[in-house]
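Each protein sequence line maps, in turn, to chains A and B.
Residue numbering for the first sequence follows UniProt numbering, beginning at 1 and increasing consecutively.
Residue numbering for the second sequence follows UniProt numbering, beginning at 1 and increasing consecutively.
Hints are not guaranteed to be accurate.
Stated by the list, open to error - Derived SDA-like pairs: lysine to any residue, alpha-carbon spacing no greater than 20 Å straight-line:
{"#": "1", "chain 1": "B", "residue 1": "K310", "chain 2": "B", "residue 2": "S294"}
{"#": "2", "chain 1": "A", "residue 1": "K44", "chain 2": "A", "residue 2": "E81"}
{"#": "3", "chain 1": "B", "residue 1": "K342", "chain 2": "A", "residue 2": "T284"}
{"#": "4", "chain 1": "B", "residue 1": "K49", "chain 2": "B", "residue 2": "R101"}
{"#": "5", "chain 1": "B", "residue 1": "K249", "chain 2": "A", "residue 2": "R275"}
{"#": "6", "chain 1": "B", "residue 1": "K249", "chain 2": "B", "residue 2": "E59"}
{"#": "7", "chain 1": "A", "residue 1": "K44", "chain 2": "B", "residue 2": "A274"}
{"#": "8", "chain 1": "A", "residue 1": "K95", "chain 2": "A", "residue 2": "I67"}
{"#": "9", "chain 1": "A", "residue 1": "K44", "chain 2": "B", "residue 2": "R275"}
{"#": "10", "chain 1": "B", "residue 1": "K342", "chain 2": "A", "residue 2": "P330"}
{"#": "11", "chain 1": "B", "residue 1": "K342", "chain 2": "A", "residue 2": "I318"}
{"#": "12", "chain 1": "B", "residue 1": "K27", "chain 2": "B", "residue 2": "T12"}
{"#": "13", "chain 1": "B", "residue 1": "K249", "chain 2": "A", "residue 2": "D272"}
{"#": "14", "chain 1": "B", "residue 1": "K342", "chain 2": "A", "residue 2": "H322"}
{"#": "15", "chain 1": "B", "residue 1": "K149", "chain 2": "A", "residue 2": "G283"}
{"#": "16", "chain 1": "B", "residue 1": "K149", "chain 2": "A", "residue 2": "V22"}
{"#": "17", "chain 1": "B", "residue 1": "K342", "chain 2": "A", "residue 2": "S334"}
{"#": "18", "chain 1": "B", "residue 1": "K342", "chain 2": "A", "residue 2": "L327"}
{"#": "19", "chain 1": "B", "residue 1": "K27", "chain 2": "A", "residue 2": "H163"}
{"#": "20", "chain 1": "B", "residue 1": "K342", "chain 2": "A", "residue 2": "E332"}
{"#": "21", "chain 1": "B", "residue 1": "K149", "chain 2": "B", "residue 2": "E182"}
{"#": "22", "chain 1": "B", "residue 1": "K342", "chain 2": "A", "residue 2": "D255"}
{"#": "23", "chain 1": "B", "residue 1": "K342", "chain 2": "A", "residue 2": "E317"}
{"#": "24", "chain 1": "A", "residue 1": "K44", "chain 2": "B", "residue 2": "K49"}
{"#": "25", "chain 1": "B", "residue 1": "K49", "chain 2": "B", "residue 2": "S83"}
{"#": "26", "chain 1": "B", "residue 1": "K342", "chain 2": "A", "residue 2": "A320"}
{"#": "27", "chain 1": "A", "residue 1": "K135", "chain 2": "A", "residue 2": "H163"}
{"#": "28", "chain 1": "B", "residue 1": "K342", "chain 2": "A", "residue 2": "D274"}
{"#": "29", "chain 1": "A", "residue 1": "K44", "chain 2": "A", "residue 2": "L80"}
{"#": "30", "chain 1": "B", "residue 1": "K342", "chain 2": "A", "residue 2": "E254"}
{"#": "31", "chain 1": "B", "residue 1": "K249", "chain 2": "B", "residue 2": "G319"}
{"#": "32", "chain 1": "B", "residue 1": "K342", "chain 2": "A", "residue 2": "A251"}
{"#": "33", "chain 1": "B", "residue 1": "K342", "chain 2": "A", "residue 2": "R275"}
Everything labelled a hint here was simulated from the structure, so no lab data went into it.
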Amino acid sequence: MSQAAPGGGGQPLLQVQDLRTVFRTSGGDVTAVDGVSIEVEHGKTLGIVGESGCGKSVLSLSIMRLIAHPGRIASGRVLLEGRDLAGLSNNEMRKVRGRDIGMIFQEPMTSLNPVHTVGFQITEGIRVHEPKASKAELRERGIAALERVRIPSPERRFDEYPHQLSGGMRQRVMIAMALACSPRLLIADEPTTALDVTVQAQILDLLRDLQAETGMSIILITHDLGVIAEMADDVAVMYAGRVVERTTARALFEDPQHPYALGLLGSIPRLDEDRERLLAIQGTVPPPFALPPGCRFNPRCPFAIDACRAEVPLLREITAGHEAACLRAPVEESVAA
Amino acid sequence: MSGVNRSGDGGTLLEVENLAKHYPVRKGLIRAKQVGVVRAVDGVSFTLKRGETLALVGESGCGKSTTARLVLRLIEPSTGSVSFEGTDITKLGGATLKAFRRRAQIVFQDPYASLNPRLTVGQTIMEPMEVHNIGDAASRRARVEELLKLVGLAPYHAQRYAHEFSGGQRQRIGIARALAVEPDLVVCDEPVSALDVSIQAQVVNLLRDLQQRLGLSYLFIAHDLAVVKHVADRIAVMYLGRIVEVAEKRELFDNPRHPYTRALLAAIPHPDPARRGRVQPLGGDLPSPLNPPSGCRFHTRCPFTQQICKEKDPPLTDGVACHFAGQLPPAGLDFSGGLTEKAAQRMALYAAAAGGV
Chain A
1 MSQAAPGGGG QPLLQVQDLR TVFRTSGGDV TAVDGVSIEV EHGKTLGIVG
51 ESGCGKSVLS LSIMRLIAHP GRIASGRVLL EGRDLAGLSN NEMRKVRGRD
101 IGMIFQEPMT SLNPVHTVGF QITEGIRVHE PKASKAELRE RGIAALERVR
151 IPSPERRFDE YPHQLSGGMR QRVMIAMALA CSPRLLIADE PTTALDVTVQ
201 AQILDLLRDL QAETGMSIIL ITHDLGVIAE MADDVAVMYA GRVVERTTAR
251 ALFEDPQHPY ALGLLGSIPR LDEDRERLLA IQGTVPPPFA LPPGCRFNPR
301 CPFAIDACRA EVPLLREITA GHEAACLRAP VEESVAA
Chain B
1 MSGVNRSGDG GTLLEVENLA KHYPVRKGLI RAKQVGVVRA VDGVSFTLKR
51 GETLALVGES GCGKSTTARL VLRLIEPSTG SVSFEGTDIT KLGGATLKAF
101 RRRAQIVFQD PYASLNPRLT VGQTIMEPME VHNIGDAASR RARVEELLKL
151 VGLAPYHAQR YAHEFSGGQR QRIGIARALA VEPDLVVCDE PVSALDVSIQ
201 AQVVNLLRDL QQRLGLSYLF IAHDLAVVKH VADRIAVMYL GRIVEVAEKR
251 ELFDNPRHPY TRALLAAIPH PDPARRGRVQ PLGGDLPSPL NPPSGCRFHT
301 RCPFTQQICK EKDPPLTDGV ACHFAGQLPP AGLDFSGGLT EKAAQRMALY
351 AAAAGGV
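Let the hints inform the model, and build the full structure from the sequences given.
Structure (C-alpha cells):
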C-alpha cells in the first residue's frame, strides 16, 4: 500500500479530465456533468460549490464509478495518482472504493442500515478488503475507529443500533466507516447540511483534525459558502453541469469573477454586513433537458450580451491560477468598456 | 373587511404568556401507564408588536415549531395564554376562533409537502377565501391574479399544478395562500431553509417587501442566525423548550449575554476564508426534553457552569435566563470583515445591471 510521497513530483492525487456523465431518458440524453475537469492535491481540500441540479453529486458518483443505468460516463478520464479508474475491472474498482476513496453522504439518518449494529457496519469495509481479519481484531479496530471520530464510550456504541444515536453521532459513524481503511481521498457530499449549526461545527472540526492526522485529501461538496470558506483550499464552482470558476478558496471570496459566483456570494445573508436587500439571482436553474444555448447562466445573468448566447465560454485564466468561464470577466472592465 | 386598525407599528398584536406544551409518554399496550412527560415547550413568554418581525431561533428539538403551532392554536397548549389583540385565543371556539384564524396564517417549511398536488395553484390560493366566505367566485379569481403578481408569479400560473413549479416558486405560492385572507400575523416556519441559496435570497427579499407593503407582523421561526439577522427586528433564542435570551437584533449580535447564544453565534462559519478556524464548536449533544437537566437546562454544555447552575433554574429576567449574565467575560465574537473592495465593486455592478433586483 505504499504510495508516492505526498506532493512528490507535483502530481495531484486525483485528476478528473473532461468528464461527461449522461443519463438516457425518454426525452433524450441528459448530460448531468458536461466536460468537468478538477484536480485534488495531496492533503488538500477541494470544495465543490453549487446548487441543486448543478451536477455536483453526479460528479462525485462518477469519480466512484457508481453511476447506474440509465446513466453512463460518456467520456473523460478519472486518474487516481495517474491510474485511470475507467480502465479498471469491476473487481479492481471495488478495491478502490473504501480503500483508496472513502465517501460520506448528506443524510446520516438514511445512510446507515437500521437492522445492523454500528460495529457491524463500521467493520464491513475491513471485512471486504481484509477477509483474514479475526473477530477480535475487527472489534478492536472498529472501536478504535469510533474513538478516532471522538465518539464517547465507543465500546458501548459499537454494539448499539443507528436509531440509538443522534444525528451528529450518526454522521461521526459515517465518517468512521469511510475512514476505516484509511483512504487517501474522502468525498464528503454535503456532510453537514442535515445537521444543526453547533453539530456542524463539531463535524467540520473533526474532519479538519482527521485530515491533519492522516494527510488525506478531501473533496467537499456543499452549497454553503460558509463551509467552503472554513474548509476548502481550492474551489470549483459548478453551474448546470459545468465548472464555471476554478481557483483557491481565498481568491473566490476576495476576487470572485464569474457572475454566478458573484450572485451566490451576494445571496447569502452575512453576519458581518448590514444590507437592506440581498442580491438575489433572478430566475431558476434550467432543467438539464432544456439548457439555453451558449453560456448556461446567460438567461439569469445581468451582464449577458449576444455573444454569451452564441458561444460556449471555456474556462480561461483571468489572473494566475484563477479561471472563469465567462466572456465578460472581469466584469468591471467589460461593463465599463 | 381587513380586521381592526391595520395601522403600521405601535400596539402589541400578540402576547404569549407562560405557554407550555407537555406530551405524556405512555408505555404498555392495554393499560398504558404514563412514564414521563416530554416538555416540548415549557413556559415561554414573548410579545409581538404590529409590523414587527420576531424571530424564534434554536436548534432542532428546542420547541420553536411547537411554539409556532401553539400561537396559531393548531395544537392545544397544556398551560399558558396567547392573547391576540387582547383576546385570549386559547379560550375561543366556533365563530370567534374562525375569525382569529382568518387573521393569523402560516407559511410552512417544506414547499413540496405543504401544497395539495391535486389542486391547481388557483384553487390552492382560493381555498382560504372560500373557507372564510370572502367575496364571490369572480372576485376571488381576481384576487388570485392579484396575489400571484404580488408574490412575483404570473396570472396564468393559476391553472397549473404544484408539481410544475420549482421549490422557490412553490414557496411563493404558499406565501400567496397565506396572504389570501389578508392576515395581520404570518407565522413563517423555516420558510427558506429548504431552498437553494440564490432562491432563499429571492424569498427573503419578497417577505421583507410584503411586510413593508402590507404592514404584516411576522413570527419567524429559523435555525439560521444569518438569515435571522437579515429579517428580524427582535430575536428570541430557545433551548430545550425555554427562551434563554430575547433582545433587539443589534443588541443580540453585538452583545450576546447567554452562553448558549454565544455558542450559536460562534458556530456559524463565516463566508470569509481569511477568518478560518474561528468557529468554536459547542461540546456535547442536546439533552432529551423527556428528561431535561436539573437547574439551568444548558448547564451540561455550558463552559461557565457553577454549582448554582445545577441546582437553580434561572428565570428570564431582563431578557436573559442565566445566573451569571452580565458577569461573564466578553463574548469575543468578531463579525467585522465583510467583502473585499473588488468583490463589493463587482456586486454593485451586478446589482446595477440587474436593475436593482
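Hint check:
Restraint check for K310/B and S294/B: the C-alpha separation of about 6 Å stays at or below 20 Å, so the hint holds. A hinted pair counts as satisfied when its Cα atoms are at most 20 Å apart, and K44/A with E81/A qualifies at roughly 14 Å. Proposed proximity of K342/B and T284/A is contradicted: the alpha carbons are some 26 Å apart, above 20 Å. For the proposed pair K49/B and R101/B, the alpha carbon gap of about 18 Å is at most 20 Å, so the pair holds.
A threshold of 20 Å between alpha carbons decides the hint, and for K249/B with R275/A the separation of about 14 Å falls inside it, so the pair holds. Annotation: proposed proximity of K249/B to E59/B holds, straight-line Cα distance about 18 Å (limit 20 Å). Under the criterion of a C-alpha separation no larger than 20 Å, the hint pairing K44/A with A274/B is consistent with the structure, at around 17 Å. Between the alpha carbons of K95/A and I67/A the distance comes to roughly 17 Å, so the proposed pair stays at or under 20 Å and holds.
Straight-line distance between C-alpha atoms of K44/A and R275/B comes to about 18 Å, which keeps the hinted pair within the 20 Å bound. For the hint linking K342/B to P330/A, the alpha-carbon distance of about 10 Å falls within 20 Å, and the restraint holds. Note on K342/B and I318/A: the hinted pairing holds, with a Cα-Cα distance of about 14 Å set against a maximum of 20 Å. Restraint check for K27/B and T12/B: not satisfied, since their Cα atoms lie roughly 43 Å apart, outside the 20 Å limit.
At roughly 13 Å between alpha-carbon atoms, K249/B and D272/A fall within 20 Å of each other, so this suggested pair holds. For a cut-off of 20 Å, the pair hint linking K342/B to H322/A stands: about 15 Å separates their Cα positions. A hinted pair counts as satisfied when its Cα atoms are at most 20 Å apart, and K149/B with G283/A qualifies at roughly 15 Å. For the hint pairing K149/B with V22/A, the CA-to-CA distance comes to about 38 Å; that exceeds 20 Å, so the pair is violated.
Annotation: proposed proximity of K342/B to S334/A holds, straight-line Cα distance about 15 Å (limit 20 Å). Of the supplied pair hints, the one linking K342/B and L327/A holds, its CA atoms being roughly 18 Å apart against a limit of 20 Å. The straight-line distance between the Cα atoms of K27/B and H163/A is roughly 19 Å, inside the 20 Å bound, and the hint therefore holds. Taking the CA atoms of K342/B and E332/A, the gap is near 9 Å; set against the 20 Å cutoff, the hint holds.
Between K149/B and E182/B, the direct Cα distance comes to roughly 15 Å. Compliance with the 20 Å bound is thereby established for this hinted pair. Taking the CA atoms of K342/B and D255/A, the gap is near 6 Å; set against the 20 Å cutoff, the hint holds. Pair hint K342/B plus E317/A holds up; C-alpha atoms about 17 Å apart against a cutoff of 20 Å. Only pairs whose Cα atoms come within 20 Å are accepted, and K44/A paired with K49/B is rejected, the gap being roughly 50 Å.
Between the alpha carbons of K49/B and S83/B the distance comes to roughly 12 Å, so the proposed pair stays at or under 20 Å and holds. Note on K342/B and A320/A: the hinted pairing holds, with a Cα-Cα distance of about 16 Å set against a maximum of 20 Å. Only pairs whose Cα atoms come within 20 Å are accepted, and K135/A paired with H163/A is rejected, the gap being roughly 24 Å. Between K342/B and D274/A the CA atoms are separated by roughly 18 Å; this keeps the pair inside 20 Å, and the hint holds.
Taken as a hint, the K44/A and L80/A pair is honoured in the structure, with Cα atoms around 15 Å apart against an allowance of 20 Å. With a CA separation close to 7 Å, the supplied pair K342/B and E254/A stays within the 20 Å bound. Note on K249/B and G319/B: the hinted pairing holds, with a Cα-Cα distance of about 12 Å set against a maximum of 20 Å. Annotation: proposed proximity of K342/B to A251/A holds, straight-line Cα distance about 11 Å (limit 20 Å).
For a cut-off of 20 Å, the pair hint linking K342/B to R275/A stands: about 17 Å separates their Cα positions.
The structure fails to meet hints 3, 12, 16, 24, 27 from the earlier list, while all remaining hints are met.
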